[in-house]
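Input sequences plus hints: build the corresponding full structure.
Chain by chain, the residues run as shown.
There are 2 protein chains.
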Amino acid sequence: MEKMELYILGCGSALPTTRHNPSAQVLNVRDKLFMIDCGEGTQQQMRKAKLKFSRLGHIFISHLHGDHCFGLFGLISTFILLGRTADLHIHAPAGLEELMTPMLRFFCGQMTYQVCFHPFDTRCPSVIYEDRSLTVTTIPLRHRMPCCGFLFAEKPGLYHIRRDMVDFYQVPVYELNRIKQGQDYVTPEGEVIPYTRLTTPAEPSRSYAYCSDTMPLESVVQQVQGVDLLYHEATFADEESVRAGETLHSTASQAADIARRAGVGQLIIGHYSARYEDETPLLEQAKAIFEPVQLAQEGLMVEIKPSSPSGVQTSDE
Amino acid sequence: MEKMELYILGCGSALPTTRHNPSAQVLNVRDKLFMIDCGEGTQQQMRKAKLKFSRLGHIFISHLHGDHCFGLFGLISTFILLGRTADLHIHAPAGLEELMTPMLRFFCGQMTYQVCFHPFDTRCPSVIYEDRSLTVTTIPLRHRMPCCGFLFAEKPGLYHIRRDMVDFYQVPVYELNRIKQGQDYVTPEGEVIPYTRLTTPAEPSRSYAYCSDTMPLESVVQQVQGVDLLYHEATFADEESVRAGETLHSTASQAADIARRAGVGQLIIGHYSARYEDETPLLEQAKAIFEPVQLAQEGLMVEIKPSSPSGVQTSDE
Numbered sequence: 026m027e028k029m030e031l032y033i034l035g036c037g038s039a040l041p042t043t044r045h046n047p048s049a050q051v052l053n054v055r056d057k058l059f060m061i062d063c064g065e066g067t068q069q070q071m072r073k074a075k076l077k078f079s080r081l082g083h084i085f086i087s088h089l090h091g092d093h094c095f096g097l098f099g100l101i102s103t104f105i106l107l108g109r110t111a112d113l114h115i116h117a118p119a120g121l122e123e124l125m126t127p128m129l130r131f132f133c134g135q136m137t138y139q140v141c142f143h144p145f146d147t148r149c150p151s152v153i154y155e156d157r158s159l160t161v162t163t164i165p166l167r168h169r170m171p172c173c174g175f176l177f178a179e180k181p182g183l184y185h186i187r188r189d190m191v192d193f194y195q196v197p198v199y200e201l202n203r204i205k206q207g208q209d210y211v212t213p214e215g216e217v218i219p220y221t222r223l224t225t226p227a228e229p230s231r232s233y234a235y236c237s238d239t240m241p242l243e244s245v246v247q248q249v250q251g252v253d254l255l256y257h258e259a260t261f262a263d264e265e266s267v268r269a270g271e272t273l274h275s276t277a278s279q280a281a282d283i284a285r286r287a288g289v290g291q292l293i294i295g296h297y298s299a300r301y302e303d304e305t306p307l308l309e310q311a312k313a314i315f316e317p318v319q320l321a322q323e324g325l326m327v328e329i330k331p332s333s334p335s336g337v338q339t340s341d342e
Numbered sequence: 026m027e028k029m030e031l032y033i034l035g036c037g038s039a040l041p042t043t044r045h046n047p048s049a050q051v052l053n054v055r056d057k058l059f060m061i062d063c064g065e066g067t068q069q070q071m072r073k074a075k076l077k078f079s080r081l082g083h084i085f086i087s088h089l090h091g092d093h094c095f096g097l098f099g100l101i102s103t104f105i106l107l108g109r110t111a112d113l114h115i116h117a118p119a120g121l122e123e124l125m126t127p128m129l130r131f132f133c134g135q136m137t138y139q140v141c142f143h144p145f146d147t148r149c150p151s152v153i154y155e156d157r158s159l160t161v162t163t164i165p166l167r168h169r170m171p172c173c174g175f176l177f178a179e180k181p182g183l184y185h186i187r188r189d190m191v192d193f194y195q196v197p198v199y200e201l202n203r204i205k206q207g208q209d210y211v212t213p214e215g216e217v218i219p220y221t222r223l224t225t226p227a228e229p230s231r232s233y234a235y236c237s238d239t240m241p242l243e244s245v246v247q248q249v250q251g252v253d254l255l256y257h258e259a260t261f262a263d264e265e266s267v268r269a270g271e272t273l274h275s276t277a278s279q280a281a282d283i284a285r286r287a288g289v290g291q292l293i294i295g296h297y298s299a300r301y302e303d304e305t306p307l308l309e310q311a312k313a314i315f316e317p318v319q320l321a322q323e324g325l326m327v328e329i330k331p332s333s334p335s336g337v338q339t340s341d342e
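From first to last, the protein sequence lines stand for chains A and B. Quick note on the numbering used here: the first sequence kicks off at 26 and runs consecutively. Quick note on the numbering used here: the second sequence kicks off at 26 and runs consecutively.
No false leads were mixed into what you were given.
No copy is singled out in the list; a pair is fine if it fits within one copy or between any two copies.
Cross-link-like lysine to aspartate or glutamate pairs, in silico, EDC-like; alpha carbons within 20 Å at most:
#1 Lys-73 with Asp-303
#2 Lys-73 with Glu-302
#3 Lys-77 with Glu-302
#4 Lys-75 with Asp-303
#5 Lys-73 with Glu-323
#6 Lys-75 with Glu-302
#7 Lys-330 with Glu-27
#8 Lys-28 with Asp-156
#9 Lys-205 with Asp-156
No lab work stands behind these hints: they were computed from the structure.
Shown next, in the form of structure tokens:
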């Protein structure tokens, strides 16, 4: 199965602590790196995780609070020093380009590459990135400013050709691509051979959803239905639910409840308030509602695995 | 003796490594904190060093390269979250205020305190800070953009009154302050009693000089003459002296040579190029020229001690 790994580079909230960095993650999909949020110190965290700068092409910023984007300046500067030439794409709510341009002009005088800003509308889900194997869709969130999470979904994989069967039916080579995509084969005599007889199942498609910062939302439950891995902010323990409500954040139980109702495969909680010396109580509160949950932690790498056998085919073999 | 301690928060150069943070230091003078440069991640480094944010009033920025000032945004934001009310003074070469103002306006909407920018001329030494016990003077440096180091000098201390002698001469109480400052006492009969007979020596005044980033300069040798502690950048080992010359940086030997010729008490070298996995060779090269030298290291705290008994008085006792 192709690589799909999530690296937690920072899972604290706005106030710095000695235990956590501000928000940043990297999703490695088949050795393409996608960054999600970029708090202060992210470039150093990437080094620590041994993630290659040159493999990073796209950065997704959830919202324009400093703890989610102050690491961009250092990262962009460093790429110049390293002589980067490939474009760097930054997807963010409107406003970032205007804020960053004077800074980049001053501090990064001689750009060796281009920074391309792609503002997105935070009010409705939209596909903001697509390549051969992956789409990234915004997940509208509700916070103290325009904010979106991101849903990374692998496209359905190709069915695997059964050598023995295509030989048996003497399928011509030029038909194979269509069959891999799930189309039946029609022999010169007009007989329909279902693709299920000619192939074995595709690898199941995997998906990852990132939701931070936000109050708990019914629309998120709908949109992240059945994802294999959900990162949901749990800034506060349940005891601080009033404070969570006031600041438009979520508690550990609320995050777990979203995961349970969305039927996700696994949950990771993070974006901890600086008040917690130890997040075990948050884990316990979440676990009481949704069992497959773990605490985000700097340096944590999670392999994203299909939570249920999707891409199932009914085979008549 | 009153506290005077230097904390190294970051001593790497522009490229991030897992071993070093970008430039930042804090000088603690009698529990007032003075920050020197503020690279990305400095607020977290302050936490690790257990330095209190509330004791920081003045920040001195040597020059406007990102690795010396990208930590300001996070630091200023954090102070708002903590409800700071005291002014924060930032001393820097001209241009920083213009660059930071739009960012602060956006990211730090509701300021709870004032950030006061104090631009300084980088071409000639000038006193940019003064309080009862300390002055800070710029040290013009030569780098790829306007740049200054900083000389922190304690003001001369007061002489200590000898109880036995002022009793013997029946010196009135209102004369004591003048005598502490080094003035002689004249008895009602007109006899001059030298202050040296009435006092013991003052605590020697201490001084610290920060010089980064710069090529080696004769003017620095003159200006840091006899300081108790000198931090001088040594971005490169001697083998890279050509590269050092091209980028207007210094080698380890050049830094040591400055220290030797200026007759400083102690030298710390830092601002290491990312190419060095281990800076021991830089230390060895410096040591061959100037013995009391050590390598800067994140987390290092150096107590600044008088290197030679200054404030010496010739006593006839």
